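Chemist: Work from the hints to combine the two standalone chains into their complex.
Chains as they are written, first to last, in our numbering: chain A, 1 to 196; chain B, 197 to 427.
Bear in mind the hints are in silico, worked out from the structure with no lab data behind them. For clarity, every value in this text was computed on a predicted model and none was experimentally measured. We put the beta carbon where it would ideally sit given N, CA and C, even for glycine. Keep in mind that the hints are not guaranteed to be accurate.
Label pairs and their computed distance ranges (CB to CB) [what the hints assert, rightly or not]:
1. L368/B with A93/A: 30 to 36 Å
2. G350/B with D182/A: 27 to 33 Å
3. P22/A with R259/B: 51 to 57 Å
4. G272/B with M51/A: 45 to 51 Å
5. M51/A with P322/B: 29 to 35 Å
6. L17/A with A314/B: 54 to 60 Å
7. S87/A with P406/B: 35 to 41 Å
8. H297/B with N36/A: 51 to 57 Å
9. S87/A with E261/B: 28 to 34 Å
10. P303/B with G160/A: 44 to 50 Å
Where chain A lies over chain B, by a calculated footprint (3+ residues, C-beta under 8 Å) [to be verified]:
11. 287–293
12. 406–417
Over 12 Å on every C-beta distance to chain B, these chain A residues come out as not near it, computed from the model [claimed, not checked]:
13. K2
14. L68
15. K191
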Amino acid sequence: MKHSPLVQRLIEGFTVLPGVGPRSAQRMTYWLLERNREGGSRLALALEAAMQGVKHCARCRNFAEDDLCPVCSDPRRDQAQVCIVESPADVLAIEQSGEYRGRYFVLIGHLSPIDGIGPEEIGLNLLERQLSEVSELILATGTTVEGEATSHYIQEMVRGTSISVSRIAQGVPMGGDLEYVDGATLAQAMKSRRKL
Amino acid sequence: MATSEKFAPFLCWVLHRRPYRNTSVIVDLLSADSGRVAAIARGGQRQPLLQPFRPLWVEWRGRGELRSLGAIEPAGVAFALQGEALYCGLYLNEMLVRLLHRDDAHPELQEVYAATLAALAAKELPVDIILRHFELRLLDLIGYGLSLDQDANGQPLLSGLRYRLSPGQGLLLDVSGPFSGEILNDIAAGHWHDEARRLARDLMREALSPHLGGRPLVSRSLFRNAGKGAS
Ligand SMILES: [Zn+2]
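For reference, chain B alone in the conformation it holds in the complex (with noise of 0.2 Å):
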């Protein structure tokens, strides 16, 4: 009977779209209390809702690998992202795609990936800033937090000494380390200069490597003019 069991109304976030058969697609949706969630929607029903970008109140049916959409509207109005924004929204959704497995719940990555954004649409900080506090957001709620402000032996980050990232385990010392202790200090404490900016990228993008199976995000290759390389 589980096939026919309908839930009310989720709140839900669409990562990614694709055709399926003719006339319908599956969607990707990001939801509070279910994680990441695939669903099938059916020809005919109001497809032009489940875009990116763009709150969405929900029903599906079932609880297997692949739910069937119920009724869509709209939660909110979309965020309106362009240009830089538009590739960091689609960064967003790619990472979550890879990162999260399906039915994974983290109740709060939903706010989280709300408020980022929100923060992209309104350029609050530069948008490379913005994905860096994402990810370190998004690590940290998934399992795997990486601590700025000390190395994985939990003594504090020195300013004349260099640091490696040791996946699973977090910053070490090592003299001949890629990360100076000076900057990491920098970023702990929001001083987000140029080059603080550049290890920053460097820094999440090993971290996050593990966790995307060895291939890199394809967003980031969009990035080409970028000057701090934002992703």
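Chain A extracted, bound-state conformation (with noise of 0.2 Å):
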């Protein structure tokens, strides 16, 4: 069956989400149209809203309804001490931990030279300016070889001055068997190893 043009239209508009695919699209759709008309408009003006709305803040690149993000702005964060991930995702990660005080910088992504993605467009150039309010980095970019590349790019570009850096550590998840674990997961674990 052919649909009409509009649910035709809003059908592909919900293929946009991650782990959406036609049916999935298809669905929901249906149900919006079927029994919650009311609660498609106010999702369509939400939708609206938030993507004119929510830029970058200037300062870290995170998600922000101002120039500054809530964590940038916040007094009783250290502003000092500057964590780095490569996505908004991870930060809200790292705030669900609730154990870090200090602010991020997001970069919003990798060094990928193939994908024509250099230092200037993870935003490298913005984190160097901002380096002598700057006293610890820590690096929590991921553990692929793009993340590594990106850590090793910020480790030498703070290298010479008195900013102190360190990676967060990489290894066995908490509450994992050891014989689950993948070989370079547990090679990465044994490398970094903390004295008791």
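Modeler: This is the structure we're talking about:
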């Protein structure tokens, strides 16, 4: 069956979401039209407002609705301690752990030369201009080849300054059985073992 | 029926991965028999293995533009490239993806590539010299070999003279050319002093540029603090 144009457009719209294929998109569309038009209208307004109103923090590139994000404008956070992550989702994960009191710098990606993504594309020139106000950098980029290259690039950038740099520990997950951990992770965990 | 055709495992290196749809990835592989091959790994396959700098046994189906990945197994341990050597690895991969046409096989290239990674991991030589060797071999293998011990007319390079690079031809005598005959001879003889390393970098940049479609390699921007300018 062919959908009418407006219905078809909405179905296609839903497929931009991760994990949503044509079938789920069709289910969502029908559900909204049949059972929750009011909710659907609210969703439409919220989407439009967020897409227009959510920008990037001028300081850390995280999502922000003002010039600065809530973390960067919070005087109780240590603004000289900066944790470098690849995505806003990483910020959320670290915030939820509740352990960290510094601020962030969000690369929104990692170095990936083949894809045309060099240092400027991930905001490292912006970070470099902020270094005079930074006393500690914590590198929390991914454990992929690209994440490692990014981490190394930033280490080189601060070499010769008094900024202390660390890389978050990588290894065996909490509650994980050793036998299910893959070889590369285990090797890394061995390498970064600590003395007790 | 071509799409259901299954091929026995090939030794491959991952040059590039990019996410496709939600859970799949498209990889560019360097194989010996088929050259650079694009293949899709669908969600749930063992994607953690699909990392650069690690030899893999890979099965694929199909022959077309985009093959479908089957079983993947490690064919050895990954080269632990760190720091500048890691940038060099990314540089090699970017160069191969930009330079090689899909399914254009250069059987020896895979071996040269693996040997280059091994040299980078072992830090046998300064990284820029390792890269220059690779670039020369690569040009040679894809049919644009550049001779460093004679000019385009087959004459030996002379110490007191200067040369320029003519794309597709080779080195030509030119009184105002950028390259000194003396240093070119040093390079051909393997005397890699600082000036030779700088000249080799500039020369190879010029030699590669027509094959890179005018856009510079982005990996070059990583070598910000490299003394000799590795790329
Ligand atoms: Zn911020």
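Chemist: None of the hints should be skipped; say for each whether it holds.
Modeler: Quick rundown of the hints versus the structure:
1. For L368/B and A93/A, the hinted distance range of 30 to 36 Å is not satisfied, since their beta carbons lie about 59 Å from each other.
2. As the Cβ distance of G350/B to D182/A is approximately 55 Å, the hint placing it in 27 to 33 Å is violated.
3. In this structure the supplied range 51 to 57 Å is violated for P22/A paired with R259/B, their Cβ-Cβ distance being about 28 Å.
4. Between G272/B and M51/A the beta carbons are some 47 Å apart, a value that agrees with the proposed interval 45 to 51 Å.
5. A C-beta distance of roughly 50 Å is found between M51/A and P322/B, which places it outside the suggested range of 29 to 35 Å.
6. Checked against the given bound of 54 to 60 Å, the beta carbons of L17/A and A314/B, roughly 44 Å apart, lie outside it.
7. Roughly 38 Å separates the CB atoms of S87/A and P406/B, a value that falls within the hinted 35 to 41 Å.
8. Checking the proposed 51 to 57 Å range against H297/B and N36/A shows it holds: the Cβ atoms sit about 52 Å from each other.
9. Taking 28 to 34 Å as the suggested C-beta distance range, the pair S87/A and E261/B conforms, at roughly 31 Å.
10. For P303/B paired with G160/A, a C-beta distance near 46 Å keeps the hint of 44 to 50 Å intact.
11. Under the rule that three or more residues need a Cβ within less than 8 Å of chain A, the assignment of the segment 287–293 of chain B holds, with 4 such residues.
12. Residues of the segment 406–417 of chain B with a Cβ under 8 Å from some Cβ of chain A number 4, which satisfies the need for three, so the listed coverage holds.
13. With a least CB separation of 24 Å from chain B, K2/A remains clear of the 12 Å interface cut-off, as annotated.
14. Every Cβ of chain B is farther than 12 Å from the Cβ of L68/A; the closest lies at roughly 29 Å, confirming the non-interface assignment.
15. A cut-off of 12 Å between C-beta atoms contradicts the statement that K191/A is not in contact with chain B; the least separation is 10 Å.
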